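Protein chains: 2
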Amino acid sequence: MKLSQSFVKTVKTTPGDEVSESAKLLLRAGYIYKEMAGVYDFLPLGMRTLDKIIQVIREEINAIGGQEMRMTTLQPKDNWVASGRWDDDVMDVWFKTKLNAGGELGLGCTHEEAFTHLMKTYISSYKDLPVYAYQFQTKFRNELRAKSGIMRTREFMMKDLYSFSKNREEHEEFYEKCAATYKKIFDRLGIGNDTFRTFASGGSFSKFSDEFQTICEVGEDIIYLDREKGIAINEEVYNDEVIAELGLDKSKLEQHKAAEVGNIFTLGFKYSDALDLTYNDADGKRQKVFMGSYGIGPSRVMGVIAEKLSDKDGLVWPEEIAPYKYYVIGIGEQGEKIANELHEADPENVILDDRKNARNGEKFADADLMGIPYRVVISDKTLAENKLELKTRATGETELLTIEEFKNKLS
Amino acid sequence: MKLSQSFVKTVKTTPGDEVSESAKLLLRAGYIYKEMAGVYDFLPLGMRTLDKIIQVIREEINAIGGQEMRMTTLQPKDNWVASGRWDDDVMDVWFKTKLNAGGELGLGCTHEEAFTHLMKTYISSYKDLPVYAYQFQTKFRNELRAKSGIMRTREFMMKDLYSFSKNREEHEEFYEKCAATYKKIFDRLGIGNDTFRTFASGGSFSKFSDEFQTICEVGEDIIYLDREKGIAINEEVYNDEVIAELGLDKSKLEQHKAAEVGNIFTLGFKYSDALDLTYNDADGKRQKVFMGSYGIGPSRVMGVIAEKLSDKDGLVWPEEIAPYKYYVIGIGEQGEKIANELHEADPENVILDDRKNARNGEKFADADLMGIPYRVVISDKTLAENKLELKTRATGETELLTIEEFKNKLS
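Those protein sequences? They're chains A and B, same order as listed.
Our numbering puts the first sequence at residues -4 to 406.
Our numbering puts the second sequence at residues -4 to 406.
For the record, the hints were derived by calculation from the structure and aren't laboratory data.
Fair warning: this is a prediction, and the values are worked out from it, not measured in the lab.
Incorrect hints may have been included.
Chain copies aren't distinguished; within one or between two, either way the pair holds.
[Claimed, not checked] Cross-link-like lysine to aspartate or glutamate pairs, in silico, DMTMM-like; alpha carbons within 25 Å at most:
1) 122 - 328
2) 93 - 73
3) 320 - 54
4) 303 - 189
5) 332 - 357
6) 252 - 380
7) 283 - 375
8) 122 - 349
9) 72 - 12
Excised from the complex, chain A in its bound form (with noise of 0.2 Å):
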């Protein structure tokens, strides 16, 4: 991507109603346009970011066979009111709209009920199950105060899987492949370090739920931590039975401040009752099919590596996830030719800087703004040796490459 073509650029000021700091980072940056509280666009390198996070969570989950789909947003009515879900009391977060043809519906704030309903036609038999189903898609929550950036919206991108097992045990085994695969995720996503599996209130099929927690300072829940098991317990069902459940030493857990940034649940037969979704097992006998739900928010979990990896001189991505690999800088004559052709060697990971009304200054600037993870600078200076300057922007490090080792680093 040429920069000199790109209609965004970098601002100094955000909206005044901005009160997260990653908001203001990816505001600044050119990734985000604020639309109003909770409700934001995604900018080219937004969108390019958002995508590979959604990339690397559909890699990892068509691995343990999810089969990938696209629900609708606009959702009847019926099949929440069979779930008891349709009131505002019982679901808070409900944007409603009405039909000019009559009737009211619902935007879809997560998607139990309609793959539920859906399912009544493609199961029958134990033959079918089980079954993974799951999509990437846009949900709507009327929150009440959005005020913590992507981390919280009214409008975001959530993957959210369902599972229809034909028993308990069945579902404990993918609950337990998805968990592991969960784990590799946030690995794969750069905040696998800091993110924990934690223990948090269940339901009527199951004690507990799992979450994933990554520990951050702007964090809506408490955690407690016991680094060395790698697990941890929310503050919402943290006591000392507990404690003790998870053969937990209380002394040696950590507090800390966290996101939740994935969550699996054991839904049992709640839905499957509330929609009938049944099938005949191998005697002929109709049974209930076994249901558990898998979600992650891929707009979420941007403003949360936004929010941890960010300094002060702007936005760190990972490498899987930067919209793009390399910020190339040429000075000079020469340094500008050779930072074209690296470009044009491999558009898909490279920014050229080609802005002829930046300064040099300015252009250091940005590249550390926008988090790309490594700056490449080819001036007279470094070609004195026939070499480039390439920067990581997560450690500051820098080393001098010939243009042919650069050239072998390009796709």
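Start from chain A and add chain B according to the hints.
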């Protein structure tokens, strides 16, 4: 993809209220699921086809300088009040909703206002122009009736691009470039031969807009086509004066039913005036930005293709947008073994019908119904010559290839 592991099955019956033939086929073949009139989920096969259509459009729009981003569905009221389009009397397809925190919001049915408002942050000088920004995004339209399957829905995928130019000349250059690109897109999507640039009603800033109309029996428009020149006139502006103005011969014009698959529109100063989007020219004088809009509905296009190219046996997808390219059936132990190998060699292009509980006749019928471009059968009979049978869905032609010859086609 292995059919034995797909939760979706072809089905025999479709919802009683479904009147669209293409929707019935898409429902039966397991591409879509109907939530309610005009609201359809995209099942894994349908999602793949939709995403391939999107990818074709993306490649061509990027090639003419389009910058992709993603706006929000939730639309703050102010921008629409400024443009005069907030009232339901003016815009009769609004879905509106209420914020718990107070205030009304609209669900984006189009995004002129949002893009124009956003650009106020990024456009200030003639050096910032032109800008071509676009998105693929779900649009919501509160249609009173929705009886055309996925050709006209209440929730649908849209590619909408907005151009921001210094003046009419700069605008018209891009407008024509985009028109040529639309032709390329519809060629790649397999409907180029039946899709024509069509003069339709314009607005304050140009007498005509340009629609791209595909000849289609269930289309909602009437066009008058000069096949030799490859242009048409929409019934809404069809009269002797217009025919003369365009230099056409009335006696040569063919009347056809057609479905609009794209449109491009000169907006002029309509939105830059309303939302005060200006730039400083080279002399430092403030000028209004001259705008255009350019739409293609990928889900609508998918419906039109399904409608036009299907036959009595089912769907017929052009190669570039088929969810998979080959539908492979192995018959007998050796046939199944080789079928398995072919799938493993290229799972992104091959559907392996490895269902144990389906007869061969059902497999053949499902291959046709799903509209996969090539059916591959490996049986004892074909293996006697070390060959497999390749059948082209669109023509019904079959040929025998050696296993090696076919493997060379896989990626």
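Right, here's what the structure says about each hint:
| no. | hint | verdict |
| --- | --- | --- |
| 1 | 122 - 328 | between (68 Å within a copy, 22 Å between copies) |
| 2 | 93 - 73 | both (14 Å within a copy, 21 Å between copies) |
| 3 | 320 - 54 | both (20 Å within a copy, 21 Å between copies) |
| 4 | 303 - 189 | within (10 Å within a copy, 54 Å between copies) |
| 5 | 332 - 357 | within (20 Å within a copy, 61 Å between copies) |
| 6 | 252 - 380 | neither (49 Å within a copy, 69 Å between copies) |
| 7 | 283 - 375 | neither (72 Å within a copy, 42 Å between copies) |
| 8 | 122 - 349 | between (59 Å within a copy, 14 Å between copies) |
| 9 | 72 - 12 | between (35 Å within a copy, 18 Å between copies) |
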